[in-house]
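Trainee: So the protein lines, in turn, are chains A and H.
First residue of the first sequence: 1, per the numbering used here; consecutive thereafter.
First residue of the second sequence: 1, per the numbering used here; consecutive thereafter.
A portion of the hints provided could be inaccurate.
[Claimed, not checked] Pairs of lysine-lysine residues, derived as DSS-like cross-links and limited to a Cα-Cα distance of at most 30 angstroms, are as follows: (1) 144/H <-> 27/A; (2) 42/A <-> 27/A; (3) 70/A <-> 144/H; (4) 139/H <-> 27/A; (5) 144/H <-> 33/A; (6) 33/A <-> 139/H.
To be clear, the hints were calculated from the coordinates, so they are not data collected in a lab.
Being a predicted model, the structure only gives us computed values, none of them experimental.
Each chain, written out:
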Amino acid sequence: MTIFEALNHLAGGGLGGLLTLLENVGKAAPDLKPEADDSLAKLNTALTPEGLSAVAAALPKELGEVLHGKLNPREHPSDSI
Amino acid sequence: MQLTVKGSLWMLAAAVLALLVTILAVLLWAPAARADTEPVLKLYAGANGVWYDGPNGFPSDYEAVLAPRISLTPHLSLVGSAAYGFIHQYTRGGGGARVTITDVNDPNFSIGLGGEYQVSNDHSLRPEEWTSTVNIAWKPWAGKLIIGAQGAYGFDSDKAWATVAARYPLFGAFYQEVNR
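Turn these sequences into a full structure, and let the hints guide you.
Mentor: Given below as structure tokens:
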């Protein structure tokens with residue numbers, strides 16, 4: 001199973017639809033196409049073994065910092081969905 | 001019976017949210033927002049289009065949503081939601097954790113993978129169960145409006161649904177310096 005297939009399963013089969021959504025945004029709104037293309041490129045970068053391994057490697061250290069009461073927040077638009 | 005279920009759902013959601021805010025208020029203090037600070041707690045309001053039968057045609061339902069998030073670390077956040085679906089007239093809520101898998105220092109685009117427990121008063125549409133989510137969102141214009149999408153899967157029901165969302169931040173609290 002590829003990474004895309006694994007994430008697609010987690011998304012209930014909807015990940016392909018999300019990719020299509022990004023592509024359709026670029027087609028429907030030309031002024032948003034650069035952002036949509038940029039987002040697609042970032043998605044492809046994230047969905048690699050190296051990208052996901054880097055996240056997995058960072059999590060234990062971050063969890064340790066939380067347990068020590070150190071918070072280091074970030075702005076992530078996807079946290080609002 | 002139905003009134004009791006509805007009341008219990010909102011009371012539970014309100015109690016959980018109040019508890020989280022209280023814990024953070026005890027642990028943290030909130031300096032005024034400065035450059036390169038980020039609020040730990042942020043509350044968004046917004047709207048969803050939800051497809052229960054596959055992303056074809058018009059949404060199955062439209063929801064009004066309140067969504068708090070607690071950002072703990074660059075990759076890890078606690079997320080929640082309370083929503084009302086207008087067509088099927090249901091209320092639902094949920095909460096869990098989310099991991100950002102894209103650049104954590106990009107405030108305009110992110111993808112997050114989540115594990116969240118869902119509660120609802122319409123179990124045929126939104127069963128009470130653990131779910132996995134894939135969330136993608138970005139700020140397409142200079143400003144605060146966020147647009148995004150979510151694919152979700154219920155582990156008990158084996159159901160899946162897709163959501164397109166718009167969000168706007170209402171307020172933030174408990175600002176912390178961002179250590180990059």
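Trainee: Could you run down the list of hints and mark each one as holding or not?
Mentor: Each hint tested on the structure:
| no. | hint | result |
| --- | --- | --- |
| 1 | 144/H <-> 27/A | holds (23 angstroms) |
| 2 | 42/A <-> 27/A | holds (18 angstroms) |
| 3 | 70/A <-> 144/H | holds (27 angstroms) |
| 4 | 139/H <-> 27/A | holds (18 angstroms) |
| 5 | 144/H <-> 33/A | holds (19 angstroms) |
| 6 | 33/A <-> 139/H | holds (13 angstroms) |
When each numbered hint is compared with the structure, no violation occurs for any of them.
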